[in-house]
Amino acid sequence: MKITEKEVRYVADLANLQLTDPEIGRLAKDLDEILTHIDTLNEIDTSHVEPMAQVLYDAAETATLRDDIECVPLGSQAALANAPLAGNGYYKVPKVIER
Amino acid sequence: MSASVANLPSLAIPEVREGLAKRAFSAVELAQSALEFAQKENPKTNAYLHFSPERALAAAEAVDQKLAAGQDPGLLAGVPLAVKDVIVTKGVRTTCGSRLLERYIPPYDATAVVRLEQAGGIILGKTNCDEFAMGSSTENSAYGPTRNPVALDRVPGGSSGGSAAVVAQGTAVVSLGSDTGGSVRQPASFCGVVGVTPTYGRVSRYGLVAFASSLDHIGPFARTVPDAAALLQTIAGRDEMDSTSAFAPVPDYVAQLDGKVAGTKIGLPREYFEGLASESGDLILKGVELLKKLGCQVREISLPATKYAVPCYYIIATAEASSNLARYDGVRYTSRADSETLSDMYRATRGAGFGAECKRRIMLGTYVLSHGYYDAYYLKAQKVRALIADDFRKAFSEVDAIVAPVSPSPAFKLGEKMDDPLEMYLSDIYTITGDLAGIPCMSVPCGRTAGGLPVGMQILARHFDETGMFRLADAFEKAGGFAG
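Each protein sequence line maps, in turn, to chains A and B. Numbering of the first sequence is given in the numbering used here, commencing with residue 1 and proceeding in unit increments. Numbering of the second sequence is given in the numbering used here, commencing with residue 100 and proceeding in unit increments.
Watch out, some of these pointers could steer you wrong.
Once the Cα atoms are required to be at most 16 Å apart in a straight line, the calculated EDC-like pairs of lysine to aspartate or glutamate come out as [said to hold, decoys possible]:
hint	chain 1	residue 1	chain 2	residue 2
1	A	Lys92	B	Asp564
2	B	Lys406	B	Glu522
3	B	Lys482	A	Glu98
4	B	Lys406	A	Glu43
5	B	Lys359	B	Asp499
6	A	Lys29	B	Asp519
7	A	Lys29	B	Glu456
8	B	Lys406	A	Asp45
9	B	Lys364	B	Asp564
10	B	Lys482	A	Asp30
11	A	Lys95	B	Asp437
These are computed hints drawn from the structure, not numbers from a lab.
Bound-form chain B, shown alone (with noise of 0.2 Å):
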């Protein structure tokens, strides 16, 4: 691929760097023809909420500058990407694809935004993605569901679906997505392309509106491992503004991706593959013989607290997630329904400003904390937590990395779960337990089914190992031709 204007809706992060080094284009016409095309794109799968040309052009124009000047611009210079709209930007609209916030314009930056912009990526707009990233397809939108760019009659998976979408459809060159449950290795499965859930801490949560803090992630989506890759060295490390930000040095993942991955061992988790769908199962399969001739060592494991992740997660994370939206009030965040007592404002408020799926889980999640059930509930699950992690401990004392299918089965249609709230939970049974453990994860295109619809092999890894990570899906990459 060469390095020119013609080429957005497929350009990585190097040819960027390259056309600017080699003045096929500024700065300032890659930000400029990047916007065009996305918003003459977008009507199709409505994966931007919003546009922030002034933004994007200032950015842009301080990138040519440092370039006219000889300074190192950053890793990032130049680069169209996308923020998902739980993302907080200054002055720029955040709506968490709620009605309750259609108005609200954050006066401070999320410290992910701070560091994209630092290293001179341009940010062209927000993404559409389920109220307060509730969901598993983005049909929970206030403003509309996004469509999946490989086949709009279907989703492109949630909740992070618009991040993923723009990434897929070319009109970003990479994104940034929040995951709690699975909400970016889902949809980017989905929509066929990679996304990365970096261990728990290791990326700044300040400016990330909170849906349950001890499982909320902000990570990367890219069409190649080395494009997520630089993208979550860029915003990773310790940040004072979230005491949960990891101390650890992050590495430089770039220049680890050396395809070095013979030997490395790799374990299948039986309880991931009994009633996996037959196409996607089949593809995974062959992407395990693909790590076989790339001379990893495969072998069968056990993960027997699997089966209780669902209901474990949905505990923990409504119980925390009726705690964090219980400032959603009527008085600080811009929308108010109007009532003689404070109480019934609070009440009003709130009934019309949640949609569907946010009050469900504010009951559940206040229902297991109410007075006489916190035993039964929320502290079981917390016990039911620590199995889970202590499974995956004893999994890698003798594996490297484990690779599992990321979602039961390929995109579904728009509508077609959105009836039966245990069946869409249900399906995020594959992705749940890598956050319950807080460690890294990522889905990795393997393939499509005969249909043409993706399927993301997922790999998990130990705490902090997201250079193995990468490492590994690189070459995996590689090795199928996979790359976006």
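Chain A extracted, bound-state conformation (with noise of 0.2 Å):
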């Protein structure tokens, strides 16, 4: 067993993901089948190996720096026509101060 449904409701809680029971059983199972198949990387030796952190170096380091010039934002009234609820110019979430 590489997860146990203990784990899976830890892991789920730092997902933020509410699942169901039969979700958790299935997912345990689920992932202790990928993680022992992910276990085949403990084969190969990479002690050597300086991980890839980087696709491709295509520029310079500071090639994607540019001018700082103004230009007009998308503004908030756009940014905010997908908010499930807004109001005032902000998104409106539950409250999260107790007076």
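Both chains are sitting in their own frames, so use the hints and assemble them into the complex.
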């Protein structure tokens, strides 16, 4: 067993993901199978390998910097148009601070 | 093929240009006919999720005005095309195949979309895909699966199944998809069309809804190699809005399709031909014989780290996905499950909104990044990724291109693999290596099985050598008579 249902619940908590009991059972089985397969990576010696953190170096490090020029932003009305709940130019969420 | 509206399902870009030039049809007439035809045919496959007639007709109108004024209307003038629903379109619903974004209307256009329309392209609508591009069959869409137009009881592949299907079905001339682990090449091979994954960074991802940022690409589908090349050169090139987009100049790929492939050195990686379903394997080996007839020098090569590509990919892709998908929390993107507290609102929204495959990947990604596991999983995978990239670097010091299968088998039946996620992941074995290395690769049709199912041959090339890749694919397609 690579992963237990208890660990699945813990990870779901980290991921902010509400799961039903059947989903937890199914995920424990699926993740166990996948993690077992992933263990094949242990066969390969990578002690002298640098991790690949960048796919391509196409230009100098500073090439992506640009002049600081003003431009018109999207605007809060357009940005908020897809909000489930908005008001006064802000996103609205359930109360987070108790008085 | 003559340039007429009656030939809509088989039109290629040069024929659209010819038809407009000879006044056989106007851009508006072609757009109207194409929309009508696509809407009539779509129920057979569910390849389009929604259509954008207003936008299409406005774009066509603009092309006609340019033509009337004697101006150059652009390389894609009047070409009816489709865009995968993970690429944002201003004012046109973009769902990513997810319930969560059922009502999402983007406030801006992806750079690739802007460039398509600047070149005169006509966007007919948005195509179906696996939810957030996660899957290999388009069965993970919240809006129902897409059927393969070649065999309606089979999947079109995925995740860009809708974009492959519309081109195969003739309800678009070309289309855009996205590829993170094979999501353009695998559906292209299943549907018998051309599909291209360009070099990492070749095409701006601004407006491509992020899945795994170190692996995501936008890529074209077409019925011919020259059409795919035309589409890529239109959308490629540096974009200030995507700092990962490459600075390398974009060549005129189409102009360099000169058929001069004699002497091209081609490597066949032995690891890709072990355990290959016999009929697909036979067709690819026949394709290799054809390349030899064209004067290519073929030799066997080895890419020893291939075996580790699937586990490496499913660590990196899911880790990045778990982070990218954190934004769907009920605050900004249309869907919210009402709850008393903020934390419960996040959980309930995500629990109700994501489908099974997205949940599986969010969970795996969160697990491999969680405290105490980072070194064992993510860091290890990044090191293995370096070995995979190094295999290709070494191979390309000896050969100009690599030829391989795209998928272990042709299109499978709907429902066949839905209960076995690991089996589904393993079917990506031949495509994920190209994404991990960031090299350009493509699927070009190489024939059909006795049962009539298309098989694609994969061509992989050096970073930024799309020119050589297209030249080889074009010569192959012409010699084999494979153009759709």
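For each hint, the structure was consulted:
no.: 1; hint: A:Lys92 to B:Asp564; in the structure: violated (49 Å)
no.: 2; hint: B:Lys406 to B:Glu522; in the structure: holds (15 Å)
no.: 3; hint: B:Lys482 to A:Glu98; in the structure: violated (47 Å)
no.: 4; hint: B:Lys406 to A:Glu43; in the structure: holds (11 Å)
no.: 5; hint: B:Lys359 to B:Asp499; in the structure: holds (13 Å)
no.: 6; hint: A:Lys29 to B:Asp519; in the structure: holds (11 Å)
no.: 7; hint: A:Lys29 to B:Glu456; in the structure: holds (14 Å)
no.: 8; hint: B:Lys406 to A:Asp45; in the structure: holds (14 Å)
no.: 9; hint: B:Lys364 to B:Asp564; in the structure: holds (14 Å)
no.: 10; hint: B:Lys482 to A:Asp30; in the structure: violated (25 Å)
no.: 11; hint: A:Lys95 to B:Asp437; in the structure: holds (12 Å)
Violated hints for the displayed structure, listed by number in ascending order: 1, 3, 10.
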